Structures are given as C-alpha cells and as structure tokens.
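Each protein sequence line maps, in turn, to chains A and B. In case it helps, the working numbering puts the first sequence at residues 11 to 330. In case it helps, the working numbering puts the second sequence at residues 8 to 336.
Within a straight-line C-alpha distance of at most 25 Å, the following computed SDA-like cross-link-like pairs (lysine to any residue) qualify:
1) B:K216 to A:G119
2) A:K117 to B:A333
3) B:K332 to A:R210
4) A:K290 to B:V142
5) B:K162 to A:A291
6) B:K216 to A:R321
7) B:K216 to A:G263
8) B:K332 to A:E200
9) A:K290 to B:K162
10) A:K290 to B:N259
11) B:K162 to A:V300
12) B:K216 to B:N29
13) B:K162 to A:L296
14) B:K216 to A:E317
Keep in mind the hints are simulated off the structure, nothing from the lab. As the structure is a computational prediction, the values presented were derived from the model and not from experiment.
What follows is each chain in one-letter form.
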Amino acid sequence: MRSVSAWFGRYALQLVVLVIVIVSMYALYPAFRVEASIERLIPLGVIAAGLAVTMIAGEFDLSIASMAALAGALTVTLSGLGLIVAVLITVTVCTLFGMLQGWAIAKLGINSLVFTVGTLVLIRGVTWLVCGGLAISIDDIAASDIFYGRLLFLSPLSATGLVILVALGIFLSRTRWGRELYALGSSRPEAIAAGVRYPRGMVIAFGISAGCGAVGGSLTSALSGSAAPNALESMLVAGIAAALVGGISIAGGRGTMVNVFLGFAIISVLAAGLAGMGAKAFVSQLFIGVFLLLIVLAEYFIARVGEQSRRSRLRRLAEA
Amino acid sequence: MTTVQGSAIGFQERAGIRRTLNAIRNYSLPILIALVYIVASILVPQFLTFETIRAILLATSVTGIIAAGMTAITLSGNLFSLGVTASVVLSGVIYIWVGSASGNIYIGAIAAIFAALVVGFAQGFIVGLGLNPVVVTLAAGAIIYGATAIVTGGKVVAAQSRELGRFATFAIVGIPLPVFVLVAFTAVAWFLTERTKIGRNVHLLGFNKLTARNSGISFMGTTIWAFLIFSVGLGVAAVLQVSQTLQVQADNFPELTMNVVAAVLVGGTAVTGGDGSPVKSVIGALFIATITQIMVLVGVPQGTRYFVLGVVVVVLVVTLHLLRKAGSR
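Assemble the whole structure, with the sequences as input and the hints as a guide.
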C-alpha cells in the first residue's frame, strides 16, 4: 500500500497535469477521444524515450530527429525487399551507427551536445543523398496495409511503441547495464571510480537513442509510404518537450520510462485535442512551449522549497 | 639539485608545447580559410570575382552577427540559445509592421531590437534562476514561434514599400551595409566581452562558476548581460535579414539556429565556457559561408552540400576538441 502511494507521489505533478489536460480537452471539445492520442507513440513517444535514455546517462542526442528522417528514407529505398525486412534492416543499421557515435563520444571525451550538433547536420545530409533531394515514396502502395490492423485499442504501430517503452523501462530499472546509465548520469567520476565502464555506457545510450529514432522514423515512413529529406524536423523539440515535461532531469540520473510515457501523454493529448478543434500546428507549438517552461519552473521552485525546508530542519536540529 | 632543475626544464618544455598547441588552435581556422581561398581561386574560375566575395560576406553578415552575440552566452557557461529562428522572425515581423506604420525605418529597427531585448531579458532572467539554458531557450523558441504565427495567422508578412529594404541595398563602394554592420557589431561584442568588467565577469563565470560566485560575481546579473548582448545582435541581424527579403513568415529560416551554433563551435569557442571570442565565431561563420558558396559555384546539389557541411563541422569540432585537450595537459 505504501509503495502504491509512493508511486503516485513520485509522479504526482505529471499525473495532475495529465488529468487537467484530458478533462479540459473533453470540456472544450466533446467529440475528443483520448485513446486516439496514443497513436502518436510512433514517432513522438519512442523519440522521447530515446532522448530520455541519453539524458538519464547525462548526455544529449541532438541528432535523433535527423536519424529518424534517415531511417524513413532508408526504409522507403529498401521497401522492395518487403516492408518489414526493410524496417528491420534500417533499425539495425541506424542502431549500429548510433553505437559508433557513442563510442566516438566516449573515446574523444567530447561534450555530446557539441558532437551531435555536427552529426545532426551530417545525418540530415546523408538523408538528402539517400532521397536524391526529393520526397520519395514506396512503389507498392498496398504494402503498408499490414499496419492498419487492430489489437484491442492499439494499432500494430502503437503496440510496437508501447512494447519498446516497456522493454526500455525494464532494461533501465532491472538490468546492470541499465542501472549503470543512471550512475553515469548522476555522478560520473564516482561511477567510473566504482568500476562502471564509461565507453560501454555511451555506446549503449547512443545506440538506444539512435535505435528509437530509427523505429520512429522508419515506421512513420512505412505507414505513410513516403519519406522526405526534411521530414520530422520538429520531432527534436517535441521529443525533448515530452521527456522534460514528463519529469526526466536534463542534468542526468533521474527519471523512468513512466515519466516518458506521462510526458508523451500530456504533449500528445494536447496536440491531438488542439488539432481536433481545428487549431493550426503552431498553436500546439505555443502550448508545448508554455508547458515545458511551466513544468521546469514548477520543478525548480518545488526543489527550492524542499531545499529550504531541509535547511530549516537541520537548523532546528542544530539548535536543539 | 639536478632533479629539481630537470623537472623545471620539463615543465618549461611542456609549457612550450602547450603554447604551441594553443597557438595552432587559435590560428588554425584563419589559416584554413586562407588556404581555402587560395585553392578555390585557382581551381574555381568564377570564385575570385567581386560578386562572389560580396555574396559570401552578405551571407556571413546575418549568421555572423548572431554568432558574435551568442558567443557571450557560450562564454558565460550557458551553452547556446536554441530559439534563434523564432526570435529573428519575431523581430523581423515587428520591423516590417512598425517600419510600415511609422514610415521610418529607424523607428522600425529600434522597435525590432527592443522586441529582441525584451524576450532576451526574459530568457536571461529564467536561465539566471539556475534553469538549464537549452531547455529554457527551446521552450521560449516554441512560445515565440507559436505566438508570432498566431498573431500573423501563419501568413507572409510583406513590406508595403521598398523603402524598408534600404538597410540592405545601401552600399558604400559596392559593399552592402550589412557587412559594415557585421564588422561594427563584432568590434562592439569583442570590446564588451574582452575589455569591460561585464566581459570579465562573463569569462570568469564560464570558466569556473563556483569561484566566480564566491568572488562576488552575480550569476543572475552576468547571465542577463550575456543574453542582452546576444539579443542586440539578434535584433540587428533580423532587421538586416528582413531588409534583404522584404517579407517574413513564421516558418522562415529553419536552419538559422543550427548554422549559428555551428559557427560558434567551428570558430573554436569552448562549449564549457570561459574560452573563446566573438571574433572567432564570426570567422567560423565566414568559413561556413565560404564553403557553401564554393559548392554553389561548382554546382554541388543541396543534399551533398548539407553532407559536406556536416562532415566539415564534425571534423573541425573534433580537431579543436583534441587540440584543446592536448593543450591543457
């Protein structure tokens, strides 16, 4: 019983915000269907998960949206082999590339923000080359029909997204390599001194990040049957917003996949509701920005109040 | 006695190596640019013409001015602003509106710079509280973009008269005004960050935040100053950019933010703060513009241009990082 209340206490801020958002969407727009928002797990949810993994490890992967666009282009190019095979090959190739990126960051000891600014442009360039500078589409239009089935209330795509989130959650919280990412993110020198292997952590974190981006981009293109060189650019901001609104700490070492899911849910309910009401995409951009700012400010003030009460408690102890 | 002397010589030798490495790091980009210009003027026939150089300088001016201002933020240890594009669009819209309404381009320009200062101050204040600058500027960018798009209805805001383009068309001995503004603003930014008390505080804060705070430097105040320097540049650059196109839309300039960040990084300012200069960032912007212009002249398609640019940024950033690491040992 106590663990249940502790669980709710841990995610209280995000749960309250999510309930408020859902209720206000239903109030403003009665025809709103909350379960439709979950379809946005591909690409937004998995991209947010990928960003969250690197943030937990104390790093930042700005190249993830470019990676998603590259995966989309590769999937369309390879679609002659069969769509599922194309998706699998693409995700494997992109994950390997991400692992290489993580290895390079670890070996060079370079700030990942700096390195991935470069690869953001580079991978976008590769995407242009793969596409030949134009939007491309799959020849066999019927090929993407397999993605239109239904499992309960989930489509095959959102089911895949959910499975990835759950798998990552188990990996991060229950395996040694996953726990090591938290250690590297929260106190790196101590973690390395205690025997955590920093290069391995980076390879894992950036491999997962690129893999998540690839799944998001690849399945988006597989569903729509097309890819464009400048696709999914807005996913970087939306993904960061989802991860941070959910309560992942950008300083590293804090947050779980439950946080990612809650953040994703808040952002996608908001976007889906606004889109349903006929608002343009830039209106939801405004709301995403406001939410992001409010949540980080709220967390900042909560942390400050907590720190002050801790100090006054210590002072009282010292006086007693 | 001899051992002490031996270690002293060793230390001196190491200091010498360190100086050499730092010198290589400081002068590598200007030398590289010089090499690129020499090679290009031999191999690319239309390169060494007045038109090409003019185009390169004009392309450098907007990115360079913003990069020079952004350097103040990076120097103060607050990484980058990722909301450049949105703020430039906002200032551009204000310039066209106020400039058209008042019929005076100077009032329009002042209003645009003032708008940039207001949003810059707000961001500087929030970052000054101790929040992550990347997150704050990203969120602010989304808010500014959304608000600008809502107010303009997502439509193109176009100038009613060509009068508003005078800042871009005005030229002295054939060189357009934006290039002179770039030089002037870089000089001001250099003076502010290298020769004033604010600049010294910015450097110290970026170099060692705890020490700076313990020696009485206000994190809040210094961060706000850095954002204000950045915002002036951003407003000026927005006016110059919109003077060239005479119209602006919320979705414009999507690649501007990353170009500015790339210019700062390629220029060699340390992302951790405390080391670098606005002049370096402008040279970084000049380098990127030169490479792009050469590829345009040779007829390289857009996709390959992006790719080459990405390779150049990664290689330069890694090289600078390795040189810095070796030089600080």
